[in-house]
Amino acid sequence: MTSPHAPGQEAGRVSLIGLGPMGIALAEALLGNGHHLTVWNRTPEKADDLVARGARRARSATEAVAVSPTTIVCLDNYETLQRVFAPSDGSTAGGTVINLTSGTPNEARAASAWFADRGIDYLDGAVMVPPPAVGTPGAVLLYSGARDVFDRHAGALASLGEPRYLGDDVGLAVLYNTALLEMMYATMNGWLHAAALLDSANVSAQEFSELALGWFMPAVVDYASLAEQAPELDAAEYPGALGTLAMNLNALEHIARTSEEQGVHTDQPRVMKQIAEQAVAAGYGTQNYLAVYELFKAARTRS
Numbered sequence: 001m002t003s004p005h006a007p008g009q010e011a012g013r014v015s016l017i018g019l020g021p022m023g024i025a026l027a028e029a030l031l032g033n034g035h036h037l038t039v040w041n042r043t044p045e046k047a048d049d050l051v052a053r054g055a056r057r058a059r060s061a062t063e064a065v066a067v068s069p070t071t072i073v074c075l076d077n078y079e080t081l082q083r084v085f086a087p088s089d090g091s092t093a094g095g096t097v098i099n100l101t102s103g104t105p106n107e108a109r110a111a112s113a114w115f116a117d118r119g120i121d122y123l124d125g126a127v128m129v130p131p132p133a134v135g136t137p138g139a140v141l142l143y144s145g146a147r148d149v150f151d152r153h154a155g156a157l158a159s160l161g162e163p164r165y166l167g168d169d170v171g172l173a174v175l176y177n178t179a180l181l182e183m184m185y186a187t188m189n190g191w192l193h194a195a196a197l198l199d200s201a202n203v204s205a206q207e208f209s210e211l212a213l214g215w216f217m218p219a220v221v222d223y224a225s226l227a228e229q230a231p232e233l234d235a236a237e238y239p240g241a242l243g244t245l246a247m248n249l250n251a252l253e254h255i256a257r258t259s260e261e262q263g264v265h266t267d268q269p270r271v272m273k274q275i276a277e278q279a280v281a282a283g284y285g286t287q288n289y290l291a292v293y294e295l296f297k298a299a300r301t302r303s
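The numbering used here numbers the first residue of the sequence shown as 1 and each following residue consecutively.
In case anyone wonders, no lab produced these hints; they're calculated from the structure. The structure presented is a predicted model; accordingly, all values stated were derived computationally and were not measured. Careful, some of the hints might be misleading.
Once the Cα atoms are required to be at most 16 Å apart in a straight line, the calculated EDC-like pairs of lysine to aspartate or glutamate come out as [stated by the list, open to error]:
id	residue 1	residue 2
1	273	253
2	297	232
3	297	234
4	273	260
Label-pair restraints from in silico Cβ distances [what the hints assert, rightly or not]:
id	residue 1	residue 2	range
5	275	181	18 to 24 Å
6	109	228	29 to 35 Å
7	187	131	18 to 24 Å
8	179	203	18 to 24 Å
9	278	133	35 to 41 Å
10	228	82	39 to 45 Å
11	220	43	45 to 51 Å
12	221	131	24 to 30 Å
13	235	59	55 to 61 Å
14	12	206	45 to 51 Å
15	199	45	43 to 49 Å
16	117	297	31 to 37 Å
17	270	297	18 to 24 Å
The beta carbon of each residue, even a glycine, is placed where N, CA and C say it ideally should be.
Start from the sequences and build out the full structure, keeping to the hints where you can.
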C-alpha cells in the first residue's frame, strides 16, 4: 500500500502471536512492508512458511513480546489471550501488546488492566476487512486505548491498513466492531429472507436480485439518507409527517403473515414486528420508524 509508515517512522521490529488465516495475513503485510518480524503460534509448524520468508520463530509468547517493541496478537478470544500470556515471568514489562482478538468491551477493559498489572502497554483493536484485504488500500483497522501508545506504534499499524483511532476508552474498538458486524448480519439476513420468500414462488435469487439489489436497496434503503438522519437520532426527533411507526407496523404484520403463508422461516419477521409493537406501546406510534432507536436505548437507560 502507499506510504505504509507514519511520518518520521521506519519499519522496525514487530512480533505477531497467532497464525490463523487473519494472523497469517497480518504477518504477510508486515513482512511485505519490511518489518523484522518475529512470530509465535501454539502450533509451531504454522509458522514454517513465514520463517522461510524471513520471519524469526519465537519459542514462547513471552519471548515474542520481549524481542520487539510492538507485539500484535490475533487469537480466538480473550480467554486464550490470557492463557497464552499467563506463564509470563515479568521479562515482558515495558513492551506493548496490540490485541486484534474479537470479544466484548468489558473483556477488552479487563485485558487492558491485566497487562497493565504486568507493566505492559495495551491497545485493543479490530480488523474490519477479510484476510485477503489486509495491507491493501482501503483496508481499515480500528484501535482504542491510550493515545500515546497508538502514536508510538503508528508505523507498524499503518502497514496493516488505515489505522482509525477511536479514543482512550479501550473498549471502543471492539464495540465499533460489534456494531458494524451487527449491521452486516442484519443486512445479509434481510436479503436472504427476502430471497427465500421469492423462492417460495419459484423465483430465483438471481432474478430477484435485479430488482432487490439493483434498484430497491440503492434507491429506497439509501445509506446516504440514513447518514443525513443521524442527527435526528442524537436529538431524539422523529417527525411522522411522511409515515408513522404505526403505519410501518402494518407492513411488518404483512411480512410476518406472508412468511407463514409461504412456508418461510418466521422468527425474523416476528421479531421485527414485536419490536415495532413495543415501540408503539411505548408511545412512539405517531412518530417515524427511526423512533425504534429509543426502544433500543431503553434497556441501557433502565440499567
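Hints versus structure:
Our distance criterion of 16 Å between C-alpha atoms is met by residue 273 and residue 253, whose separation comes to about 6 Å. For the proposed pair residue 297 and residue 232, the alpha carbon gap of about 14 Å is at most 16 Å, so the pair holds. Restraint check for residue 297 and residue 234: the C-alpha separation of about 12 Å stays at or below 16 Å, so the hint holds. Between residue 273 and residue 260 the CA atoms are separated by roughly 13 Å; this keeps the pair inside 16 Å, and the hint holds.
Checked against the hint of 18 to 24 Å, the C-beta distance between residue 275 and residue 181 comes to roughly 19 Å, which is consistent with it. Range check, residue 109 to residue 228: Cβ separation about 34 Å, and the 29 to 35 Å hint holds. Between residue 187 and residue 131 the beta carbons are some 21 Å apart, a value that agrees with the proposed interval 18 to 24 Å. Distance hint for residue 179 and residue 203: a CB-CB separation of about 33 Å, inconsistent with the stated range 18 to 24 Å.
A hinted range of 35 to 41 Å holds for the C-beta pair residue 278 and residue 133, which are about 39 Å apart. A hinted range of 39 to 45 Å holds for the C-beta pair residue 228 and residue 82, which are about 43 Å apart. Range check, residue 220 to residue 43: Cβ separation about 48 Å, and the 45 to 51 Å hint holds. About 29 Å separates the C-beta atoms of residue 221 and residue 131, a value consistent with the hinted range of 24 to 30 Å.
Distance hint check for residue 235 and residue 59: the Cβ-Cβ separation is about 57 Å, which falls inside the suggested range of 55 to 61 Å. The supplied range of 45 to 51 Å is met by residue 12 and residue 206, whose beta-carbon atoms lie about 50 Å from each other. Range check, residue 199 to residue 45: Cβ separation about 44 Å, and the 43 to 49 Å hint holds. The given range of 31 to 37 Å is respected by residue 117 and residue 297, whose C-beta atoms sit roughly 34 Å from each other.
Range check, residue 270 to residue 297: Cβ separation about 22 Å, and the 18 to 24 Å hint holds.
Hint 8 from the list above is the single one not met by this structure.
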